[in-house]
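Residue numbers (the working numbering), protein chains in the order written: chain W, 1 to 407; chain F, 408 to 851; chain Y, 852 to 1093.
No lab work stands behind these hints, which were simulated from the structure alone. Think of the CB as a built atom: it goes at the ideal place given N, C-alpha and C, for glycine as much as any other residue. You may find that some hints are simply not true.
Listing some non-contacts, in silico: residues in chain Y with all C-beta distances to chain F over 12 Å [claimed, not checked]:
{"id": "1", "residue": "T880"}
{"id": "2", "residue": "S975"}
{"id": "3", "residue": "A983"}
{"id": "4", "residue": "G1042"}
Selected chain W positions facing chain F (Cβ under 10 Å, derived; list incomplete) [unchecked claim]:
{"id": "5", "residue": "L37"}
{"id": "6", "residue": "I39"}
{"id": "7", "residue": "T67"}
{"id": "8", "residue": "Q107"}
{"id": "9", "residue": "I111"}
{"id": "10", "residue": "G136"}
{"id": "11", "residue": "H138"}
{"id": "12", "residue": "R260"}
{"id": "13", "residue": "L299"}
{"id": "14", "residue": "T311"}
{"id": "15", "residue": "A364"}
{"id": "16", "residue": "P366"}
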Amino acid sequence: MNLHIRPILSALLRNRTGAILVAMQVAIALAVLVNALYIVTQRIEKMGRPTGMDVENILIVQSAGFTAHYDLKSSIQQDLAWLRSLAGVLAATPTNAIPLSGGGSSQGLTIVPGDRTKNDSFGYYEVDEQGLDALGLHLVAGRNFRHEEVEPPITLDDAGRFVGNVILSRAAAKELFADQNPLGKPVYDTLGKQATVIGIVDPAMNSWVDSEHADWVFYMPRLTSALYGGVRYIVRTRPGERDAVIRLAEAHLATSNPDRVIHFVRPMTYFKDLSYLGDRSMGIYLLTVTGLMIAVTCLGIFALATFNVATRTKQIGTRRAVGARRADVVRYFLVENGMITSAGVLAGCALALATGYYLSLEYALPRLNLYFLVGGVLVLWATGQLAAWQPARRAAAVPPSVATRTV
Amino acid sequence: MLGYYLRLALRSFARTPGITVLMVLAIALGIAVCVMTLTVFHAMSGNPIWWKSDRLYAVTMDNWDPSAPFDKKQPDLPPPLMTYKDAKYVAASGVPLRKVIMYPVDATLSGTGAAPLRISTRATTGDFFAMFDAPFLYGGGWSAAAEDPPQPSIVLSRETNDKLFGGSNSVGRTLRWNDHEFRVVGVLDYWFPRPRFFDLIGGSFQPPDDAYVPFAWGPALSLQSAGNTDCWKPETINNQQDFLASDCVWVETWMELPDVATRERMQTLLDNYWAEQHRAGRFPRPRNNRLTDVGQWLRDLHVVDNDNRVLVGLAFAFLAVCLINTVGLLLAKFLNAAAVTGVRRALGASRRQIFTQHLVEVAILAVLGAALGCLLAALGLAAVHHMYAAAHLGQRGGYQELTHFDTVGVAWAIVLALVATLAAGLYPAWRVGRTPPAVYLKSQ
Amino acid sequence: MLKMQDISKIYRTDLIETYALRSFSLEVTAGEFVAVTGPSGSGKTTFLNVAGLLEDFDSGRYELDGTDVRALSDDARSRLRNQRIGFIFQSFNLIPDLNVQDNVDVPLRYRGLAASDRRERITSALELVGLASRARHMPAQLSGGQQQRVAIARAIAGDPAFLLADEPTGNLDSLMARQVMDLLEQINEMGTTILLVTHDPELARRAQRNVHLIDGQISDFRAYEPRPAPSGAADAAGAALA
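Hey, can you work out the whole structure from these sequences and the hints?
Here it is in structure tokens:
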């Protein structure tokens, strides 16, 4: 099909300011679109990582004793007994920290005692025999903790004590043992104290969603010490009963023990949402602004095409008079728009790559994926044709008799 | 003549209402996005104690692991916190005008008749208030004599005082802090430095603490930090004494050093202490003792995160697209009316008069765009504020504190809108002024 | 009043040069009514644009009121157009979104006259063309003849020394055309010099003097029966002819 590119191009070049402005908009829009979508995709992937936990159905209670009468162990036992007695509760465990919350503890683990070459740090959680159930974790190898394995809380006088058994996340096991079967093998803390790996869960995440290795985590069978701001209870409910249990817990626990104060009872989603708040708002903001930018660019294309049609009414009429069909007129304007958009897209590709390179250099964002560039080019090209469609149709409606009119 | 141009501009808008609305909307959107982003960025990158930020220094010493830096991404920086023993040592120095060692602890307030209150307390030395210009509503801080041994003195935030004492002057009243009897010596007024430069670890935009007690209470009651405690050395810690003597860092240290000479003396003191300890087998890494002023501290701890820098770039790219769009629309519109301009030229309008006439039209668009842009930005910020506030369950702190639209912001928005739009309108107005008058006068 | 000597105007494109005016000379004295005629493409419009200071020329000398316009800046030319020249176009060129009085007002605005002065001039100009009652009408509400009379009012409101009329009746029927020509004669009789550009010999006949253009040059002087010269300008015109 002959698109008559050369005459359209030469007409364009004679009247280029408007076309250049639109091409500039297209170029910037492409660069932004491609990079923004790439960043958004990464954030969505990050937020969508499997946690391995039943986040939606878990609630967290934070309790802190503050009087001399407060007894940690009996308080935990009382609270757990009450929580586990609730009809909607599937499992509950005391723990030292809330996964995905941004706060918690981590420590080094090695498979050679005293090895200081790796400095790997693993998030850890002190749980009891219901710990895995309370978190909703999936045991893929080995066994769970038994009730009798749960050790007493550490105190200031034996803060360096380790545990007998640990359960690792698969990612942690892979980091430590590579391809060996870790079950039954020893791991050592930084002081060289030994524990035995008895189980593997997968997937799993620790407290820090932004850390490089958010899936390096292990679990210890131990009552938590409450050294760091009190005891947290992780309580998993049947689906749909979480909020009811939260209300019950708030009412009961606030008064059940005068020697402690309940800091909060909150759904686990609160902590997860808060941790991802920056990513989520970045995504929303990027998408909104990029969408607006495409819309504004669309308007620019539409306005230029409308202007071109309006100023060329006579010329269009003449073309029609000498035998151009409506489809020819429509095609003329679509080809013209296509050429403008293509010029913009071409410049935009360079701009997008440069922006992507700059972002990766300056802000350590990953390098731009080229599929996104191809997609962005197609989107902008289609958008441009769409925006020019209506003015082109209007051009086609110009009657041939315009050619003979004088005023 | 200005009145005449204004009237012509209004007629011109009336002739092409659609394109006028489009232009105002495009300008307004560009301005709104820019103002929103810059408001947050400005709040984030603010220096809340700029008037003395070059006198205040965070003290850090690199006591870290010989085989790895504290932060692999910034290997030349020491840990932001100090060990207990090092902090105690440098704080004993008489060189600085003021000095503070501190850490946050969780505590419970009771004994006031109200329900026990879980609060965050700063265990700090008494210079804190004068050094960071924390304003007192009632009473004051405590003297150095109240620190060793620690006196049961407590300073409450105004919010805490409101909760416990209904806002009355509670100085002299007693309450129980972690079940020990304390006497209120002072109540702070509202105070919310953003970012919370003196403790960036627990969230840069969190409000300050609910209460303040003499530093020594923390170690004396074996209270662990509610902030960060980082350890690198395999050390057996079997009691509180072991912990305090360990190479774990958890104490934040600040000093007020009023002049270069004092700062140099302090640096020498740190270096001498380092050398002495190094000889005794500590500080295995190369010497890296730092006095960091507030501005650098905010940069080192990345208060402004990369996302926000990217967003500022995005906002300006968007504004550029909006303005280029406006240039295109203006050009199309002005040139579309070139015949009328030709008549005006024939009737004796000079280039400058034509240029001014069109510039007035652009200026009106700029004003409308700026006004609408500010409105949209205010709405947008309110929406973002609600989004963040909802995520925080209505509590204070976090990004929601950055969404306030201040008068300076409005002024900047208006200036930005006017300058940007006028700049965008300059070329079309100039171009239409250059139109040769004869071309458009003949009938088609 | 108006003196052109050896004026040449060339339109250049990449490929060709076209002489629109070639060594064109013309002198018009105050109070004259001169018609410039010629077939299309003869350079009439170029002459009008050059005479009206709308376009530059390439060589020659053009004096208006004794001022050499070649040396003038764009601003000074604008001022001259504004104060000394009135334009009347074939297609009227009224500004469509201004009403009648605002159209007449346009040149007065650029002259920076006081509001009361402008009001007076607008009223008397509209009275002269017989459209005082239509002051608030929009151009589209008027007939072609009325529109052209508004354009005449606009041209004379500023008391120009001479009027440039480009085919002023070209878009009008014969009755309206006659009215417009009567009006122009009346204005000429009041002392305003008029240059009428037309291809129509019938119209040209109503002028005192005819200049015939062919290929950018004056071909000859063809005097039609001159009507009696207006009293004030008679001597001057006579002197020029002699």
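Going down the list of hints, with the structure as the test:
no.: 1; hint: T880; verdict: 23 Å, holds
no.: 2; hint: S975; verdict: 18 Å, holds
no.: 3; hint: A983; verdict: 21 Å, holds
no.: 4; hint: G1042; verdict: 20 Å, holds
no.: 5; hint: L37; verdict: 12 Å, violated
no.: 6; hint: I39; verdict: 7 Å, holds
no.: 7; hint: T67; verdict: 5 Å, holds
no.: 8; hint: Q107; verdict: 9 Å, holds
no.: 9; hint: I111; verdict: 16 Å, violated
no.: 10; hint: G136; verdict: 23 Å, violated
no.: 11; hint: H138; verdict: 28 Å, violated
no.: 12; hint: R260; verdict: 8 Å, holds
no.: 13; hint: L299; verdict: 6 Å, holds
no.: 14; hint: T311; verdict: 7 Å, holds
no.: 15; hint: A364; verdict: 7 Å, holds
no.: 16; hint: P366; verdict: 13 Å, violated
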